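K.L.:
The chain contents come next:
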Amino acid sequence: MTLPLHLTVNGQSVAEHVEPRTSLADFLRDRLRLTGTHLGCEMGVCGACLVLLDGKPVHGCLVLAVQAAGSEVQTIEGLAESGALADLQRAFHERNALQCGYCTPGMLITAHSLLETTPAPDRGEIRTALSGNFCRCTGYESIVDAIAVTIERRAEGAGA
Amino acid sequence: MADVINTQGHVRLGSNAGQGLTRRDGVLKVTGAATYAADNRPEGLLHAVTATATIARGRVTHLDVAAAEAHPGVVKLYTPDNVPPLAVSPDEKIHPFVWRMEALQSDRVRYAGQPIALVLAETLEAATEAARLLAPRYEAETPHVTLDDAEPFETTTTAFGRPADHSSGDIGKARATAARHVVAEVETVAQYHNAMEPHAIVARWTGDRLEIDTPNQAIGLARQTFAAFLGIEPAQILIRSPFLGGGFGSKAILYGGQLLAVLAARDTGRPVKLVLRRDQMYGPVGHRAPTRQRLRLDLDEDGRIAALQHDTLTMTSSFDHFLEGASNASHSLYATAALQTTHRGLRADIGTPGPMRAPGEAPGSAALEVAMDLAAQAAGLDPLAFRLRNHAETDPSNGMAFSSKALRECYAQAADLFGWADRPAEPRRMRQGQLLKGWGMGSAQFPCPMFTAAAHATLRADGSAVVETSAADMGQGAWTALAQIAADGLGLDIDRVEFRSGHSDLPDAGVAGGSGHTATAGTALFNAGADVVRRLVDLATGDPASPLFGAGNSGVTARGGRLHRNDDGRSEAYEDILARAGLDMLRGEGTGAREGQPTRAMFSHGAVFAEVLVDPDLGQIRVSRLVGAFAAGRIINPRLARSQLLGGMVWGIGFALQEEALHDARTGRFTNNDLAGYHIPVNADAPMIEALTVHEDDPFVNALGIKGVGEIGVTGTVGAIGNAVWHATGLRSQRFPIHPESLILSGESL
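The listed protein sequences derive, respectively, from chains A and B. So that you can map any letter, position 117 of the first sequence is 117 in UniProt numbering, and since no number is skipped, the others follow by simple counting. So that you can map any letter, position 494 of the second sequence is 494 in UniProt numbering, and since no number is skipped, the others follow by simple counting.
Keep in mind that the hints were calculated from the coordinates and are not lab data. Careful, some of the hints might be misleading.
[To be verified] Some, not all, of what chain B presents toward chain A, calculated at C-beta under 10 Å: (1) Val30; (2) Tyr36; (3) Asp39; (4) Asn40; (5) Gly654; (6) Gln658; (7) Ile689.
[Unchecked claim] In the SDA-like style, the derived pairs of lysine to any residue whose C-alpha atoms are separated by at most 25 Å in a straight line are: (8) B:Lys76 x A:Glu125; (9) A:Lys56 x B:Lys437; (10) B:Lys437 x A:Met1; (11) A:Lys56 x B:Thr31.
Owing to the predicted nature of the structure, the values given are computational and were not obtained by experimental measurement. Note that beta-carbon positions come from the ideal geometry of N, C-alpha and C, so glycine has one too.
Based on the provided sequences and hints, a complete structural model is requested.
P.N.:
Laid out in structure tokens, this is it:
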């Protein structure tokens, strides 16, 4: 059994038929070939599959594709292309806040959402906010550094 | 650091190498464009899902194949009754790096989580549901999965064929003269790699040619192994593994699911993708086995170690042999007149263990450093002073001098940054608010193996180059660090060097493991570049039209894409030399391996200092600071090396306080085989942490002076945290991970 599904993904209108049991992450990866959304635990713990659903971060593995009907989904690909993450991406790259890179898209989405809601978190708040994103390599210190430097740069930019 | 000059003298390491360049794969990874194996989706793909055993020992007596096959979308189902045969039994160990695999060869169940059927369907969801519908029935036998009830067996070897026992010096005599001794008993538990990227394979046959996308740490070896089990030539197989989402040892060795996916693709004529679920990675893809270790340190009046004994009991599967070589961690770190180490094995109904980041060294170091702390206490010495007093000038296990050992500088720099001099000797003397605060330390050490690697370098007509080797980048930064070395070998700026890697049609770079990949593959790449330059020098110095004519073979240096005369400084660009010679390319080859039998003991060293805070009411333990200093030979890329060292230290936190796979001893099944139940450090668990690197020139370890940084961070750290917990609380846990309850329930008051 499939159901019709209409939604917006990275600004594009999408119309597909999906089985109701298909997760949003599998739908994005398998059907739309948006493979920057990664699967790590498939139980909403590790954060590798985070995407924005109507602007809010959700675990793509815990949301069914059909639950996103009528919504706006943004993935790492869309956020990267729009430039919304440009300064965070630059800081992650410069600070070596990534190693194997598997957790990185989810990390960036959490970091982006954190800075949307809390413009100037301290290092402790950054650590807490990122604790739903596992990095096994593990580059936690550098990830905090990258976000902290982005906050500084945004503050400088705003003041300039 | 002095430049390393290769044997021909034309090229030097130290222009690109040594720079903290950002990762060459960084942009791909921050945009989501880096592709991992499971991202591949060839046309006509079938999704495979394995059904796994829910008993740990016995046989499968019934599978509801009809129900599974009736599920819409199911295409094919394999059980031991119909699985296509392999050319070689998956129970054959065709070389030392093959583990006995489960590829549906029988109805026997040897551990919980073993694959017992494979379902192929048009969608992942259909395959998953059909696997569930198989509803297996079993004839279950009583499993044994713990150190207490598994079956002892005699062994002469530990992991990688190393001897199980070692003895040097006269331990009886040494003990007779000792003033006192301490005994430490330490247990460590089963741990699982849990790389973020699940194990995955996409297999596609085109005629008799096989393409495989799978994350693998030793692509060349994997190709040979697949070929042997399939009964085809390695040249018929292409393995692509450009990016691994972490490996840590678990992706160095093939597992049965990979063979099944390939068989299924051949049988159905369609591409097949198999991605293991997180719970399915607890069993078939290796783990770190539990250990029960006992150390006895005999000390003389001055606090010198007279005798060191380290015994390990550990566990392997019922059907294969991999014993965590924990006692070997005591061989080469501290001076002792007499050394005796042993390993004893147990067979249990578990998947076969395997190498996991610092195999042997991690649990061995944990126990050794706890024993050293006890001994320091017994000797009335500060833990650092005690380690300095027992500093090994030569390797006590074989008397060899060290190739280099800047451990004293590591102690000094890390202790200084940490503020160790202010540490009160007695425990329970420091508080931060209500919390008990403690400081502990440990020494870090990891061997410097080299494997074998080959590489090609090709200079192109425009003076740029392409270098090729099938290295594996599982996050450590091979794409970047190896390219830096290759560029120096060619005398080019790195921007002029294209680095091709990550697939099996390239020269074999050996294994990304044992902290030896940069040294091994790097040597091959450097030599390949130097080979190109040697040919260029021959062309130029023999050509009357070249400004280098007559410079003599040893009078030329390559840098920045030009050959320079050493006498008058005149130079010529690579592209001009090629053009005049009428060549559109110039190709060189290189290999990397350790030459001859080692005559020196070769290790990276380090010192780790830890601060913990312990809640006296709840027993909750937090690592609040970690400082490490490491001497690991030439650092090719400080930015990447620091990140590897920090990562290893965070693994030390997980080992010391969190990671533990739990079995239900009655059923042999796991109770926490997922990322919620198996605790790994998250960002909030990672403290203020720093890793320094200490300068070290090592002319013996290899021509480039490269050691390794991938694993050493785990060693030292675990013991340092355990010792800090003692210093905070006065309680010594005899087990890692140290859980709050082990402090609260110890009978002592916090």
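K.L.:
Confirm or reject each hint.
P.N.:
Hint by hint, here is what the structure shows:
Because the smallest distance between the Cβ of valine 30 of chain B and any Cβ of chain A comes to about 4 Å, under 10 Å, the interface hint for this residue holds. Given hint, tyrosine 36 of chain B at the interface with chain A, holds; its Cβ is 7 Å from that chain's nearest Cβ, closer than 10 Å. With a least beta-carbon distance of about 4 Å to chain A, the hint placing aspartate 39 of chain B at the interface is held under the 10 Å criterion. At about 9 Å, the closest approach between the beta carbon of asparagine 40 of chain B and any beta carbon in chain A falls short of 10 Å, and the interface hint on this residue holds.
With a cut of 10 Å, the hint placing glycine 654 of chain B at the interface with chain A holds, because the nearest CB-to-CB distance is about 9 Å. Here the hint on glutamine 658 of chain B is broken, as its CB sits about 12 Å from the closest CB of chain A, past 10 Å. This hint holds: isoleucine 689 of chain B has a C-beta 5 Å from the nearest C-beta of chain A, less than the 10 Å allowed. For the hint linking lysine 76 of chain B to glutamate 125 of chain A, the alpha-carbon distance of about 50 Å lies beyond 25 Å, and the restraint is violated.
Restraint check for lysine 56 of chain A and lysine 437 of chain B: the C-alpha separation of about 39 Å exceeds 25 Å, so the hint is violated. Restraint check for lysine 437 of chain B and methionine 1 of chain A: not satisfied, since their Cα atoms lie roughly 60 Å apart, outside the 25 Å limit. Note on lysine 56 of chain A and threonine 31 of chain B: the hinted pairing holds, with a Cα-Cα distance of about 19 Å set against a maximum of 25 Å.
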